[in-house]
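If you're matching them up, the sequences are chains A and B in order.
The opening residue of the first sequence carries number 1 in the numbering used here; numbering runs sequentially from there.
The opening residue of the second sequence carries number 115 in the numbering used here; numbering runs sequentially from there.
These are computed hints drawn from the structure, not numbers from a lab.
Ideal placement from N, C-alpha and C gives every residue a C-beta, glycine not left out.
Treat the hints with care, since some could be wrong.
Every beta carbon over 10 Å from chain B, so not counted as near; a handful from chain A, in silico [said to hold, decoys possible]: (1) N8; (2) P55; (3) F95; (4) R97.
Selected chain A positions facing chain B (in silico; Cβ < 8 Å) [what the hints assert, rightly or not]: (5) G33; (6) F34; (7) A37; (8) G41; (9) M48; (10) G49; (11) E50; (12) G51; (13) T52; (14) Y54; (15) L56; (16) A58; (17) G76.
Each pair of labels, with its calculated beta carbon distance range [unchecked claim]: (18) A:D75 / B:Q171: 20 to 30 Å; (19) A:G113 / B:M123: 46 to 56 Å; (20) B:E151 / A:S28: 23 to 33 Å; (21) A:L13 / B:D174: 48 to 58 Å; (22) B:A220 / A:Q101: 26 to 36 Å; (23) B:L296 / A:S28: 50 to 60 Å; (24) A:G113 / B:G129: 42 to 52 Å.
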Amino acid sequence: MIPGADSNWESQLRRGVVEYCVLAALRSRERYGFELARSLGAPGGLLMGEGTVYPLLARLRQRRWVETTWRESGDGPPRRYYRLTEQGTQALTAFERGWIQFRTAVDRALEEGS
Amino acid sequence: MDQRRLDRMVGRYLGELDSALARLPRARRRQIREEVEAHIREARGEQGARDEAGLRQLLDRIGDPGEIAREAGADPGRRTWYEALVPLLLPLGGFLLSVGWMVGVAILWASPVWRLRDKLLGTLIFPFGLAGVLIFLSASLAVTVCTSYGAAGGPTTTHCTGGLPAPLGLAILFILIVAPILVAIHLERVRRRT
Numbered sequence: 001m002i003p004g005a006d007s008n009w010e011s012q013l014r015r016g017v018v019e020y021c022v023l024a025a026l027r028s029r030e031r032y033g034f035e036l037a038r039s040l041g042a043p044g045g046l047l048m049g050e051g052t053v054y055p056l057l058a059r060l061r062q063r064r065w066v067e068t069t070w071r072e073s074g075d076g077p078p079r080r081y082y083r084l085t086e087q088g089t090q091a092l093t094a095f096e097r098g099w100i101q102f103r104t105a106v107d108r109a110l111e112e113g114s
Numbered sequence: 115m116d117q118r119r120l121d122r123m124v125g126r127y128l129g130e131l132d133s134a135l136a137r138l139p140r141a142r143r144r145q146i147r148e149e150v151e152a153h154i155r156e157a158r159g160e161q162g163a164r165d166e167a168g169l170r171q172l173l174d175r176i177g178d179p180g181e182i183a184r185e186a187g188a189d190p191g192r193r194t195w196y197e198a199l200v201p202l203l204l205p206l207g208g209f210l211l212s213v214g215w216m217v218g219v220a221i222l223w224a225s226p227v228w229r230l231r232d233k234l235l236g237t238l239i240f241p242f243g244l245a246g247v248l249i250f251l252s253a254s255l256a257v258t259v260c261t262s263y264g265a266a267g268g269p270t271t272t273h274c275t276g277g278l279p280a281p282l283g284l285a286i287l288f289i290l291i292v293a294p295i296l297v298a299i300h301l302e303r304v305r306r307r308t
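The shape of chain B in the complex, shown without the other chains:
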């Protein structure tokens, strides 16, 4: 139980290290990460960092991931300006003739800053961003099917079905709008870590 908490702390530290090292060539990045992982294993085995304070101290001694990255020549302060556009282009670029969204996706996939799961998240959660959401919603809400029946010559009844029931529709609307914004915030946070 407690052990799992400590493992999560180590996982978080290694995740930060991965982001900080993102701009290095793959082989170099892997070697440094492997060594830091082995270091943590050795240090935990040696002094038995069994509580959170002990582990925190151990990680402090290893140092800030940004400092390790700087020593490796991957300056964490050096970001490319167009990567900053991604968290804006993905949710909003769809309004720019949808080309904006495609540019955002292209930068997202070309950049080493984001990992595969971020890239998938950014691409699949909301194709064409909020513009896509609006198109989808207007399509699904507008379609109404009306059928008329009744005896020929007699009075006819018209029955219409369609649209989404109001509470469900609102819930879906909320999720569809909130999800892209949350994903954009997540991508921005990952970018700032690098």
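In isolation and in its complexed conformation, chain A is listed as follows:
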């Protein structure tokens, strides 16, 4: 047996969807990195550690799905806030539509097999 093969599908799936979950966390309002890391990085969540949100954010920013602004924090150094762009919102909407279809298809396949 290939080591780690049992959880391979899980990490592949997680890798594919986690970016959109970051986008979804930004839907209602802009947030700064630490805030996002805390809300998405809870144990049992989609991140393999809070710190992995930062490379994700960097990638989303490069794709221009999010943009950043520095804001004063009051009690410390300024914070970098992330906000969805128009392109980011479109990508998220498209993903949601696709995800629902995907989920339904998988559920149906599992039920038919049982």
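For chain A, the structure is supplied; the task is to place chain B on it using the hints.
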């Protein structure tokens, strides 16, 4: 006092992150590092990780630097084979017509795995590696200066000075041989972290 210990722990974590991210483009690497640094600052301020256990837990939650690098697309498992030669070529490459050493230095400077201070260390500590050390030692130990003096026609006295006094010479020999080996071990450890 205790605070400094905690700062050192954070420094070590960030150092590991730097090595893990070494293969990324500079701008990307800087952004991720800045954000992780800010994260640690925020988290320490929030829950006041004042003892070692608290800080360790905080860093655990942030995650393994290798995992962050993997998410960033810098696969920490992917090393280039010729980088593995550097820790061997630097101390021993001098014996290969000294070209081996130069190849080692060239790879050392071209690779993103090592930081500037590692590169300087690897280059300056022992030019031409152990071969250089041997040449240097044989030169400095062999040169002996003899002067003869005495009345013309009479008996002459010959006085010779040179070489290094035995204990000092041995100490220098030891340092010169050990230093290159330690540097090679250090470079190998940095490489394996990446």
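Hints, one by one, checked against the model:
Here N8 of chain A stays apart from chain B, with its beta-carbon at least about 14 Å from theirs, past the 10 Å limit. Not every beta carbon of chain B lies more than 10 Å from that of P55 of chain A, the smallest distance being close to 3 Å; the non-interface claim is violated. Against the 10 Å criterion, F95 of chain A stays outside the reach of chain B, whose nearest CB is about 19 Å from its own CB. Once the 10 Å rule is applied to beta carbons, R97 of chain A is consistent with being away from chain B; the minimum gap is 26 Å.
Evaluation of the G33 of chain A hint against chain B yields a held restraint, the C-beta minimum of about 5 Å falling below 8 Å. Hint status for F34 of chain A: holds, given a least beta-carbon distance of 4 Å to chain B, under 8 Å. The criterion of a C-beta within 8 Å of any C-beta in chain B is met by A37 of chain A, whose closest approach is roughly 6 Å, and the hint holds. The interface hint given for G41 of chain A holds, since its Cβ lies 7 Å from the closest Cβ of chain B, which is under the 8 Å cut-off.
About 5 Å separates the beta-carbon of M48 of chain A from the nearest beta-carbon of chain B, less than 8 Å, and the hint is met. Interface restraint check for G49 of chain A: the shortest CB-CB distance to chain B comes to about 2 Å, inside 8 Å, so the restraint holds. This hint holds: E50 of chain A has a C-beta 5 Å from the nearest C-beta of chain B, less than the 8 Å allowed. Contact between G51 of chain A and chain B, as hinted, is supported at the beta carbon level, the nearest pair being about 4 Å apart and thus within 8 Å.
A cut of 8 Å between beta carbons decides the hint on T52 of chain A: the least distance to chain B is about 4 Å, and the hint holds. Because the smallest distance between the Cβ of Y54 of chain A and any Cβ of chain B comes to about 4 Å, under 8 Å, the interface hint for this residue holds. A distance limit of 8 Å between C-beta atoms decides the matter here; for L56 of chain A the minimum to chain B is near 6 Å, and the interface restraint holds. Taking 8 Å as the C-beta cut-off, the interface hint given for A58 of chain A holds, the closest approach to chain B being about 5 Å.
Below 8 Å, beta-carbon pairs count as interface contacts, and G76 of chain A has one with chain B at about 7 Å; its hint therefore holds. About 23 Å separates the C-beta atoms of D75 of chain A and Q171 of chain B, a value consistent with the hinted range of 20 to 30 Å. Distance hint for G113 of chain A and M123 of chain B: a CB-CB separation of about 51 Å, consistent with the stated range 46 to 56 Å. At roughly 27 Å, the beta carbons of E151 of chain B and S28 of chain A sit within the given window of 23 to 33 Å.
One distance hint, 48 to 58 Å for the beta-carbon pair L13 of chain A and D174 of chain B, is violated here, with the actual separation near 24 Å. Distance hint for A220 of chain B and Q101 of chain A: a CB-CB separation of about 54 Å, inconsistent with the stated range 26 to 36 Å. Judged by the Cβ atoms, the range 50 to 60 Å given for L296 of chain B and S28 of chain A holds: they are separated by roughly 55 Å. The hinted window of 42 to 52 Å between G113 of chain A and G129 of chain B holds, with their beta carbons roughly 50 Å apart.
Hint compliance for this structure: hints 2, 21 and 22 are not met, and every other hint is.
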